[in-house]
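Peer 1: Protein chains in written order, with the numbering used here: chain U, 1 to 313; chain F, 1 to 375; chain X, 1 to 264.
Don't read these hints as lab results, they were simulated from the structure.
Far from chain X, some chain F residues (derived; all Cβ distances over 12 Å): (1) VAL53; (2) ALA54; (3) LYS57; (4) VAL129; (5) SER215; (6) TYR286; (7) PHE307; (8) GLN358; (9) GLU364.
To give a feel for the contact side, a few chain U residues facing chain X, derived at Cβ under 7 Å: (10) PHE52; (11) ILE55; (12) PRO56; (13) VAL59; (14) ALA112; (15) ALA128; (16) GLN135; (17) PHE145; (18) ALA147; (19) GLY202; (20) PRO232; (21) GLY236; (22) ILE267; (23) VAL294.
Backbone N, C-alpha and C define an ideal beta-carbon position, used for all residues, glycine too.
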Amino acid sequence: MQVPDMNMATVMDEEDLLAPVPRVRAPRPRLRLNQVRSLLGTLPFFAYVTVFLVIPTLVVAIGAFAGDGGFTWSNVAALGNSYVLDAFARSILLSAVTAAIGAVLGAVLAYALTTAKPGGPLRRVVTAASGVLAQFGGVTLAFAFIATIGLSGFVTVFLRDELGVDLYSGGVWLFELPGLVLVYTYFQIPLMVIVFLPALDGIRPQWREATESLGGSTWQYWTRVAGPLLAPAFLGSTLLLFANAFSAYATAAALISQGNPIVPLQIRGALTSEVVLGQQNLGKAMALGMVVVVAVVMTLYALLQKRTARWLG
Amino acid sequence: MRTLARTAAALLAVTTFAGLTACSPPEKETASTGSGAATATGAADLGGMDALVAAAKKEGQLNVIALPPDWANYGAIIKAFGDKYAIKVNSAQPDASSQDEINAANQLKGQDKAPDVFDLGGAVASANVAKFAPYKVATWTDIPDNLKDANGTWANDYGGYMSIGYDSAKVPAPAAVADLLKAQYKGKVALNGDPTQAGAAFSGVVMAALGSGGSADDIAPGVDFFAELKKAGNFLPVDPTPATIESGQTPVVIDWDYLNVAQGAKLTGKVQWKTVVPAGAVVGSYYVQAVSKDAPHPAAARLWEEFLYSDEGQNLWLKGGARPVRAEAMQKAGTIDATAIAALPKAEGTPVFLTEAQTTKAKEYLAANWAKAIG
Amino acid sequence: MAGLRGRRARRQAAFRWSVLAVMGVFFLLPLVAMLEFTTRGDSGTWSLLADWPRLSATYPDLAEGIVASLGQALLTSLLMLVLLVPTAIWVRLRLPGLRPLVEFICLLPLTIPAIVLVVGLAPVYAWVTYFLGGSSLTLTFAYTVLVLPYAYRSIDAGLSAIDAKTLAEAARGLGAGWFTVMVRVVLPNIRSAVLSAAFLTVALVLGEFTIASLLNRTNLQVAINLLGKSSATMSVAVSLAALILAFVLLLLLSLLGDRRKASQ
Chain U
1 MQVPDMNMAT VMDEEDLLAP VPRVRAPRPR LRLNQVRSLL GTLPFFAYVT
51 VFLVIPTLVV AIGAFAGDGG FTWSNVAALG NSYVLDAFAR SILLSAVTAA
101 IGAVLGAVLA YALTTAKPGG PLRRVVTAAS GVLAQFGGVT LAFAFIATIG
151 LSGFVTVFLR DELGVDLYSG GVWLFELPGL VLVYTYFQIP LMVIVFLPAL
201 DGIRPQWREA TESLGGSTWQ YWTRVAGPLL APAFLGSTLL LFANAFSAYA
251 TAAALISQGN PIVPLQIRGA LTSEVVLGQQ NLGKAMALGM VVVVAVVMTL
301 YALLQKRTAR WLG
Chain F
1 MRTLARTAAA LLAVTTFAGL TACSPPEKET ASTGSGAATA TGAADLGGMD
51 ALVAAAKKEG QLNVIALPPD WANYGAIIKA FGDKYAIKVN SAQPDASSQD
101 EINAANQLKG QDKAPDVFDL GGAVASANVA KFAPYKVATW TDIPDNLKDA
151 NGTWANDYGG YMSIGYDSAK VPAPAAVADL LKAQYKGKVA LNGDPTQAGA
201 AFSGVVMAAL GSGGSADDIA PGVDFFAELK KAGNFLPVDP TPATIESGQT
251 PVVIDWDYLN VAQGAKLTGK VQWKTVVPAG AVVGSYYVQA VSKDAPHPAA
301 ARLWEEFLYS DEGQNLWLKG GARPVRAEAM QKAGTIDATA IAALPKAEGT
351 PVFLTEAQTT KAKEYLAANW AKAIG
Chain X
1 MAGLRGRRAR RQAAFRWSVL AVMGVFFLLP LVAMLEFTTR GDSGTWSLLA
51 DWPRLSATYP DLAEGIVASL GQALLTSLLM LVLLVPTAIW VRLRLPGLRP
101 LVEFICLLPL TIPAIVLVVG LAPVYAWVTY FLGGSSLTLT FAYTVLVLPY
151 AYRSIDAGLS AIDAKTLAEA ARGLGAGWFT VMVRVVLPNI RSAVLSAAFL
201 TVALVLGEFT IASLLNRTNL QVAINLLGKS SATMSVAVSL AALILAFVLL
251 LLLSLLGDRR KASQ
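Extracted from the complex, chain U is given alone in its bound form (with noise of 0.2 Å):
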């Protein structure tokens, strides 16, 4: 016998031998008013939102464009020149990996956590230190590091004396970028345990029962069901933690204190340099170059949320 071909087009041709439903049309005016009332719930949060930030990036942007007389282009064409196009590379290199170290090694540390007592003090204490070490940067924390790693830093001087290892053999990596990914891991790893914390939390361990009564094992747990849900919340752990290095400055500024490698202090050169005047609105047009990077990492991420959704989904 055979079998009817279930395609669309068959269901096209016999809908046409049914008689004809008349379309009701939705009632217009009352549609509109629950959206008008679902978007006045959100007038707080966006009123404040473009008082305090909008009109600040907006002033920003406009400072961009703004020259001795009036609207130009050369300072978003001097973000051509090529140490100005070094700068943002090397910061969204330097973003990308400590982003990524920090998300993976946040996300262990993170895990660890979930497996032990819920309510115990070892969580507790964790979770209150890496609140504390994720907003730890500037000064103190490179003095700290300096001290700890640098030149005549304890940990170096150990090494050196005890183990007859220099560190520094290859030369001063910790007042480059080797040393600032070392010291933005610092508060990378505790902000993605606090941002991602919530998430593992969700996690029920009937999930993980059911899977092993059903006969999967740990990789297919962690393929197939944790990763699934996991992944919006780690990716969106991952982008914040990029932005967070993206924009850092005072561990930088107090770490490197020669030439701007990365786009923020080249940002401070402009606005601040008492020996090179006049930059004012290419640090402008600068910091609007960096929320474009951002919103294309943004879309990117985005796009990669769509498709991971599909691929595990």
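Following the hints, position chains F and X against chain U.
Peer 2: Chains F and X only, in chain U's frame:
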């Protein structure tokens, strides 16, 4: 519907933005409005020193900016001023550069936290004369003519020579700039800032130029010196702070002599910090005092200037190791602090002060070559 | 099954302690270095720090900064909770189309370094100062904006872990109004996320320096920085003490969060 909401939001944002930035909030009535202090160009305009002191006391506060306590003894100066006139001195942003001071004046215009007075590097001062209110202190005639503006908009206040500060327990005494290239200084020499950003570091490069065969017109040998220092592994790209000096992270610091001398005085007993001005490579520079045109406390600002240029203020700067601008006149009058002036680091050789043209040429060379040299 | 679970529990414990040991060493070393610097010689730094009356007499700016920071932390946490939590839940449940916009807005503060943000904030703060005065507590408005990225990400992570939509539909089906849904159904399930957001807020406010400094206002970090100019050991000691203070505050906050759970 969504586009309507979005356009409405956009319009709202644009109008609010236009409104906010186009008009600033209205001026508030303060103790200073009506006293006439904002336009006084001398104490006589207000009716004499006593009237100035009374007006300043009525204002009750003074906002200063970019005055670290250990910079030319500003900590003691601020305390002395506050105690003498019972005026509260608010010291903001001690780390600020000269440009930061101007930025703060622009951003906080009209607010009561805006800076009242400036202590600026020469370059930034020349570029922002329009922001200063002219005021001639009582001792105006004592200041040499080449160190002040004829209209009273600004005047030099104190100066010093570029020096090498070092921990004598960790490194040998450097007699000349070239000594710093020796092996004993490996990983130890720090410069106070980036020469393309900070005036002190800029003068440091000039000193290196003078000590390496260059001149005020040609600072290329100075940049080459630092490139060599970096190649030898002696250059430490750390920003020296009191904490790094005390903890031994920066055993050699190239900075103004009054700053190194102050560190030495503060750390006696902990670190043996000595200061030397290299012979034949003496670079000098003065800083500039000015009163802000939009000062929220104009009478207090003018009283502060009077205090700084009085014998007491000048001697306090001298105690901090800086050379006050009225030094010559005070020496003639016998009012100078003899022990303090004898304690200043010896400077052998004629001091070199860069002219504006030389500074511009040097800046351009640095902007093009520093990053490459230091890598 | 019990044997399997017991084995896994032991493996997890071993994993947990080895991870914590390695990370613990990494995070504690710089703090130990700071402590070592402050206890060099016989400076009496810590004894002065423990003596509050003598401390506030010797360093009045520091006392002012500490009080300002505590006030800012409290106000910012409250403003963040009142503004962000309802909005995040509302958007997730009723306006999912707006989520990308809200996410971008909540990431925007992180894209602009503080030194440039101040340039934009200056005209806004001119008006804030006109209406509310120049107190350091007005920095709350800027800080709430600064904390948006971290707080929103934390709350969003919590919301994505629970199936908020189903919960809401179930509650609505049983006749609950939107307010009840948000406050009594969704909120208790994202408690840990909201607590994390509060953690980050307090820690951020206590560690913030650039904006307070550039707007010429005072807070803890500004005071520590000024202190560093006169006494290096004291400022490092105060930084370390501030870290410990923030840590204790956050511990108390987590205990507070749990006590409410017990009372329900």
